[in-house]
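Residue numbers (the numbering used here), protein chains in the order written: chain A, 17 to 289; chain B, 206 to 511; chain C, 125 to 672.
Hint data in this document are derived by calculation from the structure and do not stem from the laboratory.
Incorrect hints may have been included.
Cut-off 25 Å, straight-line C-alpha distance, at most; resulting in silico cross-link-like pairs (DMTMM-like, lysine to aspartate or glutamate) [said to hold, decoys possible]:
| # | chain 1 | residue 1 | chain 2 | residue 2 |
| --- | --- | --- | --- | --- |
| 1 | C | K254 | C | D244 |
| 2 | A | K117 | B | D497 |
| 3 | B | K211 | A | D120 |
| 4 | C | K469 | A | D56 |
Covered by chain C, per the in silico footprint, the following chain A stretches (three or more residues, Cβ under 8 Å) [said to hold, decoys possible]:
| # | stretch |
| --- | --- |
| 5 | 56 to 66 |
| 6 | 147 to 161 |
| 7 | 221 to 235 |
| 8 | 248 to 257 |
Glycine included, every Cβ here is placed at the ideal spot set by N, Cα and C.
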Amino acid sequence: MIKAFFQNKVAVISGAVIAIIFFVAFIAPFAMSADPMRQDLTLRLCPPGGVHILGCDELGRDVLARLLAGTRNSLLIATLPTALAVVIGAVLGILGGFYGKTIDLFITWFTDVTLSFPGMLLAMVIMYTFGGSFLSVLIAIVFMEFGSIARIVRSVTVSIKENEYIQAAEAMGVSKFFIIVKHILPNLAPTLIVLFTLNMPNSILSESSLSFLGIGIQPPDVSLGLMVNQSKTLLFQMPWLALSPSVMIMVLVMAFNYLGDALRDILDPKTKY
Amino acid sequence: MTALFKRCLGMVLVLLGVMVLIFIALRIIPGDPAAVLLNEHVNEATIARLTATMNLDRPLPEQFLSYLGGALKGDLGQSYYMRQSVLSLILTAFPYTLKLTILAAAFAWLIGIATGVISAMHHDHLPDYLFRGLSMFGVSVPVFMVALLLQYIFYFRLSLLPLVYDGSALSMILPAIALGWNSAGSVARLTRSSLMEQLDQPYLDTARAKGLLSSQAVLIHGLRNAMLPIITMMALQLSGMLSGAVITESVFGISGLGRLALLAVQTRDMPLLQGTVLFTAFVITLGNIIADLISFCLDPRVRTKK
Amino acid sequence: MISRKCKSVRLICVVLTAALFLGGCSSSPAANKPAGEDSASNPQSSVLRIALNSDIVSMDVQKTSNDYLVPMNVFDTLFEVVKHDDGSTSIEKSLVSDYEVSEDGLTYSFTLREGVVFSDGTPLTSEDVKFTFERMLTLPDSQQTDYAVAIEGANELMEGAAEELTGIKVLDDTHFTITLSEPFAVFLAQLAAPSTSILSKSIVSDAGDDFGIVPEKTLGTGPYVVTSWERGSGLSFSYNPKYWGDEPSVKEVSAKIMDASSMDMAFQKGDLDIIDCLMLDSAVVDSVYKTRFKDNIVSVDRLGINYLMLNENVKPLDDPTVRKAIQMAIDRQAILDAIYSGDGKLEDGVYPSGCLGYSQDNQGWLKYDPDGARKLLSSVGYSEGFEMELALDSNAAVANQNVLQIISQNLGDVGINAVIKNYDHASWLDLRNSGEMESFLALWILDYNDPDNVIYTFFGSKDNTVIRSNNYSDEATIARIAAARGIVDPGERMKEYSSLEKKLVMDDAVWVPMFSLKHLFVKSDRVADFVPQWAGWSDIYFKKVTLK
Numbered sequence: 017m018i019k020a021f022f023q024n025k026v027a028v029i030s031g032a033v034i035a036i037i038f039f040v041a042f043i044a045p046f047a048m049s050a051d052p053m054r055q056d057l058t059l060r061l062c063p064p065g066g067v068h069i070l071g072c073d074e075l076g077r078d079v080l081a082r083l084l085a086g087t088r089n090s091l092l093i094a095t096l097p098t099a100l101a102v103v104i105g106a107v108l109g110i111l112g113g114f115y116g117k118t119i120d121l122f123i124t125w126f127t128d129v130t131l132s133f134p135g136m137l138l139a140m141v142i143m144y145t146f147g148g149s150f151l152s153v154l155i156a157i158v159f160m161e162f163g164s165i166a167r168i169v170r171s172v173t174v175s176i177k178e179n180e181y182i183q184a185a186e187a188m189g190v191s192k193f194f195i196i197v198k199h200i201l202p203n204l205a206p207t208l209i210v211l212f213t214l215n216m217p218n219s220i221l222s223e224s225s226l227s228f229l230g231i232g233i234q235p236p237d238v239s240l241g242l243m244v245n246q247s248k249t250l251l252f253q254m255p256w257l258a259l260s261p262s263v264m265i266m267v268l269v270m271a272f273n274y275l276g277d278a279l280r281d282i283l284d285p286k287t288k289y
Numbered sequence: 206m207t208a209l210f211k212r213c214l215g216m217v218l219v220l221l222g223v224m225v226l227i228f229i230a231l232r233i234i235p236g237d238p239a240a241v242l243l244n245e246h247v248n249e250a251t252i253a254r255l256t257a258t259m260n261l262d263r264p265l266p267e268q269f270l271s272y273l274g275g276a277l278k279g280d281l282g283q284s285y286y287m288r289q290s291v292l293s294l295i296l297t298a299f300p301y302t303l304k305l306t307i308l309a310a311a312f313a314w315l316i317g318i319a320t321g322v323i324s325a326m327h328h329d330h331l332p333d334y335l336f337r338g339l340s341m342f343g344v345s346v347p348v349f350m351v352a353l354l355l356q357y358i359f360y361f362r363l364s365l366l367p368l369v370y371d372g373s374a375l376s377m378i379l380p381a382i383a384l385g386w387n388s389a390g391s392v393a394r395l396t397r398s399s400l401m402e403q404l405d406q407p408y409l410d411t412a413r414a415k416g417l418l419s420s421q422a423v424l425i426h427g428l429r430n431a432m433l434p435i436i437t438m439m440a441l442q443l444s445g446m447l448s449g450a451v452i453t454e455s456v457f458g459i460s461g462l463g464r465l466a467l468l469a470v471q472t473r474d475m476p477l478l479q480g481t482v483l484f485t486a487f488v489i490t491l492g493n494i495i496a497d498l499i500s501f502c503l504d505p506r507v508r509t510k511k
Numbered sequence: 125m126i127s128r129k130c131k132s133v134r135l136i137c138v139v140l141t142a143a144l145f146l147g148g149c150s151s152s153p154a155a156n157k158p159a160g161e162d163s164a165s166n167p168q169s170s171v172l173r174i175a176l177n178s179d180i181v182s183m184d185v186q187k188t189s190n191d192y193l194v195p196m197n198v199f200d201t202l203f204e205v206v207k208h209d210d211g212s213t214s215i216e217k218s219l220v221s222d223y224e225v226s227e228d229g230l231t232y233s234f235t236l237r238e239g240v241v242f243s244d245g246t247p248l249t250s251e252d253v254k255f256t257f258e259r260m261l262t263l264p265d266s267q268q269t270d271y272a273v274a275i276e277g278a279n280e281l282m283e284g285a286a287e288e289l290t291g292i293k294v295l296d297d298t299h300f301t302i303t304l305s306e307p308f309a310v311f312l313a314q315l316a317a318p319s320t321s322i323l324s325k326s327i328v329s330d331a332g333d334d335f336g337i338v339p340e341k342t343l344g345t346g347p348y349v350v351t352s353w354e355r356g357s358g359l360s361f362s363y364n365p366k367y368w369g370d371e372p373s374v375k376e377v378s379a380k381i382m383d384a385s386s387m388d389m390a391f392q393k394g395d396l397d398i399i400d401c402l403m404l405d406s407a408v409v410d411s412v413y414k415t416r417f418k419d420n421i422v423s424v425d426r427l428g429i430n431y432l433m434l435n436e437n438v439k440p441l442d443d444p445t446v447r448k449a450i451q452m453a454i455d456r457q458a459i460l461d462a463i464y465s466g467d468g469k470l471e472d473g474v475y476p477s478g479c480l481g482y483s484q485d486n487q488g489w490l491k492y493d494p495d496g497a498r499k500l501l502s503s504v505g506y507s508e509g510f511e512m513e514l515a516l517d518s519n520a521a522v523a524n525q526n527v528l529q530i531i532s533q534n535l536g537d538v539g540i541n542a543v544i545k546n547y548d549h550a551s552w553l554d555l556r557n558s559g560e561m562e563s564f565l566a567l568w569i570l571d572y573n574d575p576d577n578v579i580y581t582f583f584g585s586k587d588n589t590v591i592r593s594n595n596y597s598d599e600a601t602i603a604r605i606a607a608a609r610g611i612v613d614p615g616e617r618m619k620e621y622s623s624l625e626k627k628l629v630m631d632d633a634v635w636v637p638m639f640s641l642k643h644l645f646v647k648s649d650r651v652a653d654f655v656p657q658w659a660g661w662s663d664i665y666f667k668k669v670t671l672k
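Just chain A, with the same shape it has in the complex (with noise of 0.2 Å):
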């Protein structure tokens, strides 16, 4: 699977830029000295070049090391809730597709009506309960992204499910849980690491929509959505502004797309969602 996934020119590009750019961003702050929070008002809006290779923004503060300090926490607030719904969505979709019943129909209704949200709709009810800031933006996400996830990990356990040897094992009275951790998880798992990278990208571009209509990360907090927020009134005088976070946001949502992509035909030729 590893040999695949090396000879899998697309995977072993996107995978390596998204590789690339959270080692930036997450080595930055040691290795940078340009602190993102520093204002210098002799220096605002002051054109990319020089000492400020990106510029500065309207309190002159350095663009490049914003543009790093806000992907790092863009892709931390993809990441963590992401990682999150897969969790929920798993332990949901397992239950539901292992248990049927009267717990599968719960669960298939719970799912149900998460879905039935438009995702921004679901965010801003959200948004309208704890304020914009990480943690509900991050709540949001989990929201948007579970029910979805918690679907097609059901079918898929329902589809493990019928295999003989699973069968076998309930019929002799193996327990259900260990079924599930030995046989169940392990069949699941290329599911679920598919299932993680195809919802990054989602995840990443609903904090930069939240952030854009300002409901989302508030200042002097940072992301790459708040920056394209904060830009956007100065778009056509200063593009430099709004384009570096734009691009960033371009490249993380391609990059996981084309990764995900890859790991579906590698790790799971077979489903399609």
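For this one, chain A is given, so just place chains B and C on it according to the hints.
Just chains B and C, lined up with the frame of chain A:
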């Protein structure tokens, strides 16, 4: 028929769940809506008077039951901020969103299916690479960026189309493209993959080899079978489009549902947010049922299964 | 294989050509004409096109304290404020044709202007005036009770102890008297504020809940009527031919809701006639409007003060020395230059420049001095600094957010760890009104030109000091502020206000006065003349715009 009945019952249950969920979610943190209404010129007596008129002092279950009863009769309550019936606000806003969504879907479909088909026909050749790259770009670029760029290019630089919605049909073109952009990307991707799969089916090869079908007929045949997953996706995209509409409407100044919901969040107008979300959930559930019905008619396999 | 591909390509080509053709058809009418053909590029000579940055809440002035665009243009007040060439303002008669004040300053006798009708033809009578003030006091969610509480019997009516407002006596259709419970120097100024717009008893009663919501039912005596209001999209107005005053040059108005970048584009393309620079980013104003459009700029000094409020109930802000240190630690000029490109002037007092009672004696004393601030802090045992919270309203303009971030850094430089905390608008108001907000940045623009409008609102009563979250504790001073309202001799009254200002800002350091801003507007070449509202509000009087 029983399947359909079950589906409707399921829909009612889901909507009930939606109501409970929103109701709870919006009331976890007790706020004081009276404070928002009385912006600058506040005084204690007025706050108390207002809280009492809005029934905010009654227990939650009681509030829920009266809300549920009202909703069944089509009464979604009164907007705190705009002091108007929520339903009438929604019904004025919905046609805009509907128009926008239909136009955006038309755009997404036309472009998405066309490029998807070309990609599939030229599998692993230049047009395929080109369109695959474009469709990946389509699904990867945030709606707001598309919207701002379209405004810049088609209004500011080329003077072709109006900047914001002004009631004319022309002013709906840019919003529809902005909203349909992402979907066009995913329709293209799905069309390509499912058409390629169909074209690989042995029965078509056989038919073609025997000269039973012309190549065009093969394409049409394949496309028809490939439509099924695309239609299912359409229903899912409805939800995505209503999400995207929030942003599109806010950039282009269209007074639709999305803008109403955003306003409700910004002004902490609970009944309005509650009503908008409930209404959209209703529309989406309805959309899912319609998609079910279409695939039911289109695909004999689905028809015989139940 | 080859033939299959070729044919299918042909098929696709046909489909695409058809698509392009259809697309081409639908856009071809626009291709050779500029954008927004219908209303914009070739506007009729009497249409004024403006942009708003957000929708209004209500057209009913008694239900809003922010949205005065409709009240100012569709309704009239008994008096109006006139701004003279030298910058001074005076209060002139509007719906009133004559008035007299009794010796004791308590009873005002008014005569209404003859022949004034609402836009549906209903004549204006004294009953309408009485109705307006009664509704102001009894409407459950009234925003304007402050404007009627001075009238005798107001409290009884509000509490339900009385059926009518005893202080207003209707003598006949055009004559009435208003009696105050105690002398109140600024009563006439209040009658000139849009908050006291006169409504029609019969129109409002017939409209019921639709008043302020449905344009056809929201009628006033003013120069315009609202022809449509599309939520989230905009409003349009047209001239009211029954208007009693001079016919204005602008006959129709379209007000569209846009975000900053759209406004900027639309104005540059000639699709807007007036743009409000405070709605744009100051960098855009500098680079585009002060260069390419510099001859079209209309500027007005805004009678408003930006201030940083400090809460005396929170330690260590209860210590005047700490508050003084904060006053000195903030580099106000740098903020004004950076965020507002220097378009304004520093304010050191309570009343902004241009406000009656503004005193040169109380200006110029507050200097940026971080070293001094640090010394003051260590003198009271805070050489290590302390933590404090700066509350930010998420709905606030981007400029406001930026100012707060600079303040946070300024305070950080003298060792105060000032953390910005975000609140959504409702929670922000809630917290502020409860008197528990630690510190916040806000703006007060005058509703009527009198020191009372600022000082009484913030420090005039125990309740007001709580609601504004300063919790100012000097009861003697609070009593003096309340008493100043009743001083009959204008000179004496202004002297008292000046001394109160000194006490509040210099001695007690209740707040950090920041600056007042110039409000810049840019007019298009279609506009011959434009006079902004006297206090520099964003809302404008359409009748004060003259088109070429």
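Hint by hint, here is what the structure shows:
Under the criterion of a C-alpha separation no larger than 25 Å, the hint pairing C/K254 with C/D244 is consistent with the structure, at around 20 Å. Annotation: proposed proximity of A/K117 to B/D497 holds, straight-line Cα distance about 23 Å (limit 25 Å). In summary, the hint linking B/K211 to A/D120 is supported, as the alpha carbons are separated by about 16 Å, within the 25 Å threshold. Among the hinted pairs, C/K469 with A/D56 is consistent with the structure: their alpha-carbon atoms are about 22 Å apart, no more than 25 Å.
Check on the stretch 56 to 66 of chain A: 3 of its residues sit with their Cβ under 8 Å from a Cβ of chain C, so the three-residue criterion for coverage holds. With 3 residues bearing a CB less than 8 Å from a CB of chain C, the stretch 147 to 161 of chain A meets the requirement of three and the coverage assertion stands. Coverage of the stretch 221 to 235 of chain A by chain C holds in this model, with 4 residues showing a Cβ closer than 8 Å to a Cβ of that chain against a need of three. Look at the stretch 248 to 257 of chain A against chain C: 7 of its residues bring a Cβ nearer than 8 Å to a Cβ of that chain, three or more, so the hint holds.
Checked against the numbered hints given earlier, this structure breaks none of them.
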